[in-house]
Amino acid sequence: AQKVTQAQTEISVVEKEDVTLDCVYETRDTTYYLFWYKQPPSGELVFLIRRNSFDEQNEISGRYSWNFQKSTSSFNFTITASQVVDSAVYFCALSSGNTPLVFGKGTRLSVIA
Amino acid sequence: DTEVTQTPKHLVMGMTNKKSLKCEQHMGHRAMYWYKQKAKKPPELMFVYSYEKLSINESVPSRFSPECPNSSLLNLHLHALQPEDSALYLCASSQDPGFDSANYGYTFGSGTRLTVV
Numbered sequence: 001a002q003k004v005t006q007a008q009t010e011i012s013v014v015e016k017e018d019v020t021l022d023c024v025y026e027t028r029d030t031t032y033y034l035f036w037y038k039q040p041p042s043g044e045l046v047f048l049i050r051r052n053s054f055d056e057q058n059e060i061s062g063r064y065s066w067n068f069q070k071s072t073s074s075f076n077f078t079i080t081a082s083q084v085v086d087s088a089v090y091f092c093a094l095s096s097g098n099t100p101l102v103f104g105k106g107t108r109l110s111v112i113a
Numbered sequence: 001d002t003e004v005t006q007t008p009k010h011l012v013m014g015m016t017n018k019k020s021l022k023c024e025q026h027m028g029h030r031a032m033y034w035y036k037q038k039a040k041k042p043p044e045l046m047f048v049y050s051y052e053k054l055s056i057n058e059s060v061p062s063r064f065s066p067e068c069p070n071s072s073l074l075n076l077h078l079h080a081l082q083p084e085d086s087a088l089y090l091c092a093s094s095q096d097p098g099f100d101s102a103n104y105g106y107t108f109g110s111g112t113r114l115t116v117v
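Residue numbers (the working numbering), protein chains in the order written: chain A, 1 to 113; chain B, 1 to 117.
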């Protein structure tokens, strides 16, 4: 069965600090996809990144970066120089086989000015 | 058009009411999904439609009845709901059912926030 664990329930940082959100996943499939979504208070799920299991290259997009390590089954997300607008709930999710997205419990990030 | 549109955005209904949630996409996606999200919880899968046929029902109570009239439209009919059914209902679509759906990604609507009184 697929499982995603986000051990950090809530994180609070001061603006301009860097913050890393952890994600650990479990799957027996050798081919799978990992996702990160942002959910602001308005409720919509905003897609941030998709990564397949064959691509362990880390990715950087502006202030966002992702570290995918198959050896530790982790797909961590770092925000550099955080801003108040980054305050949201962030979900890590997994899809493998024919199973649609399974979400972790989410990490609520609060960035304080 | 790269959106999934959900209506209404907000809905308040009594326990004896019948109402429907609507989801529409015009991206040619052949898989559509209903997720339920309770406050401070992650989205949980309810139903999956593949090529307009119900392919996954995650043991959802019969007071929730999905319908896929065509490849662009997904409805969720609600009847005799309970206050604990109050939640954000999210619709999503993907290009193709099955594994490749993840390769192309999922597009989510902004949700319907349902309150049952």
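In short, the hints are calculated from the structure, not lab data. One or more of the hints may lead you astray.
What the hints assert, rightly or not - Derived DSSO-like pairs (lysine-lysine); straight-line CA-CA distance at most 27 Å:
| # | chain 1 | residue 1 | chain 2 | residue 2 |
| --- | --- | --- | --- | --- |
| 1 | B | Lys53 | B | Lys40 |
| 2 | A | Lys70 | B | Lys53 |
| 3 | A | Lys16 | B | Lys40 |
| 4 | A | Lys38 | B | Lys18 |
| 5 | A | Lys3 | B | Lys36 |
| 6 | A | Lys3 | B | Lys38 |
| 7 | B | Lys9 | A | Lys3 |
| 8 | B | Lys9 | A | Lys105 |
| 9 | B | Lys41 | B | Lys19 |
| 10 | B | Lys53 | B | Lys19 |
| 11 | A | Lys3 | B | Lys19 |
| 12 | B | Lys9 | B | Lys53 |
| 13 | B | Lys41 | B | Lys9 |
| 14 | A | Lys70 | B | Lys38 |
| 15 | A | Lys105 | A | Lys3 |
| 16 | A | Lys105 | B | Lys18 |
| 17 | B | Lys18 | B | Lys41 |
| 18 | A | Lys38 | A | Lys105 |
| 19 | A | Lys16 | B | Lys38 |
| 20 | A | Lys3 | B | Lys18 |
Said to hold, decoys possible - Example chain B residues on the side facing chain A (calculated, C-beta under 10 Å, incomplete):
| # | residue |
| --- | --- |
| 21 | Pro43 |
| 22 | Ile56 |
| 23 | Asn57 |
| 24 | Pro61 |
| 25 | Glu67 |
Claimed, not checked - Partial pick of chain B residues on the chain A-facing surface, computed with a CB cut under 7 Å:
| # | residue |
| --- | --- |
| 26 | Tyr33 |
| 27 | Met46 |
| 28 | Val48 |
Where is the CB? At the ideal position from N, CA and C, for every residue including glycine.
Here's how the hints hold up against the structure:
1. Our distance criterion of 27 Å between C-alpha atoms is broken by Lys53 (chain B) and Lys40 (chain B), whose separation comes to about 31 Å.
2. Note on Lys70 (chain A) and Lys53 (chain B): the hinted pairing is violated, with a Cα-Cα distance of about 35 Å set against a maximum of 27 Å.
3. For the hint pairing Lys16 (chain A) with Lys40 (chain B), the CA-to-CA distance comes to about 26 Å; that is within 27 Å, so the pair holds.
4. With a CA separation close to 32 Å, the supplied pair Lys38 (chain A) and Lys18 (chain B) exceeds the 27 Å bound.
5. For the suggested pair Lys3 (chain A) and Lys36 (chain B), the alpha carbons sit about 18 Å apart, so the restraint of at most 27 Å is met.
6. The straight-line distance between the Cα atoms of Lys3 (chain A) and Lys38 (chain B) is roughly 19 Å, inside the 27 Å bound, and the hint therefore holds.
7. A C-alpha spacing of about 30 Å is found between Lys9 (chain B) and Lys3 (chain A), which places the hinted pair above 27 Å, so the restraint is violated.
8. Simply put, Lys9 (chain B) and Lys105 (chain A) have alpha-carbon atoms about 24 Å apart, close enough for the 27 Å limit, and the pair holds.
9. Taking the CA atoms of Lys41 (chain B) and Lys19 (chain B), the gap is near 24 Å; set against the 27 Å cutoff, the hint holds.
10. Simply put, Lys53 (chain B) and Lys19 (chain B) have alpha-carbon atoms about 22 Å apart, close enough for the 27 Å limit, and the pair holds.
11. Our distance criterion of 27 Å between C-alpha atoms is broken by Lys3 (chain A) and Lys19 (chain B), whose separation comes to about 33 Å.
12. A C-alpha spacing of about 26 Å is found between Lys9 (chain B) and Lys53 (chain B), which places the hinted pair at or below 27 Å, so the restraint holds.
13. Between Lys41 (chain B) and Lys9 (chain B), the direct Cα distance comes to roughly 19 Å. Compliance with the 27 Å bound is thereby established for this hinted pair.
14. Proposed proximity of Lys70 (chain A) and Lys38 (chain B) is contradicted: the alpha carbons are some 31 Å apart, above 27 Å.
15. At roughly 10 Å between alpha-carbon atoms, Lys105 (chain A) and Lys3 (chain A) fall within 27 Å of each other, so this suggested pair holds.
16. The hinted pair formed by Lys105 (chain A) and Lys18 (chain B) fails the criterion: a straight-line CA distance of about 31 Å is larger than 27 Å.
17. With a C-alpha separation of about 26 Å, the suggested pairing of Lys18 (chain B) with Lys41 (chain B) holds against the 27 Å cut-off.
18. Straight-line distance between C-alpha atoms of Lys38 (chain A) and Lys105 (chain A) comes to about 12 Å, which keeps the hinted pair within the 27 Å bound.
19. Taken as a hint, the Lys16 (chain A) and Lys38 (chain B) pair is broken in the structure, with Cα atoms around 31 Å apart against an allowance of 27 Å.
20. Of the supplied pair hints, the one linking Lys3 (chain A) and Lys18 (chain B) is violated, its CA atoms being roughly 35 Å apart against a limit of 27 Å.
21. For Pro43 (chain B), the interface hint holds, since its Cβ comes within 10 Å of a Cβ in chain A; the closest pair sits about 5 Å apart.
22. Among the interface hints, the one on Ile56 (chain B) holds; its C-beta lies about 7 Å from the nearest C-beta in chain A, closer than the 10 Å criterion.
23. Annotation: Asn57 (chain B) was flagged as interfacial toward chain A, and the flag is violated, the nearest CB pair being 12 Å apart, outside 10 Å.
24. Given hint, Pro61 (chain B) at the interface with chain A, is violated; its Cβ is 20 Å from that chain's nearest Cβ, farther than 10 Å.
25. Below 10 Å, beta-carbon pairs count as interface contacts, and Glu67 (chain B) has none with chain A, the closest being about 19 Å; its hint is therefore violated.
26. Residue-level restraint check for Tyr33 (chain B) holds (minimum Cβ-Cβ distance to chain A is 6 Å; threshold 7 Å).
27. At about 11 Å, the closest approach between the beta carbon of Met46 (chain B) and any beta carbon in chain A exceeds 7 Å, and the interface hint on this residue is violated.
28. Here the hint on Val48 (chain B) is kept, as its CB sits about 6 Å from the closest CB of chain A, short of 7 Å.
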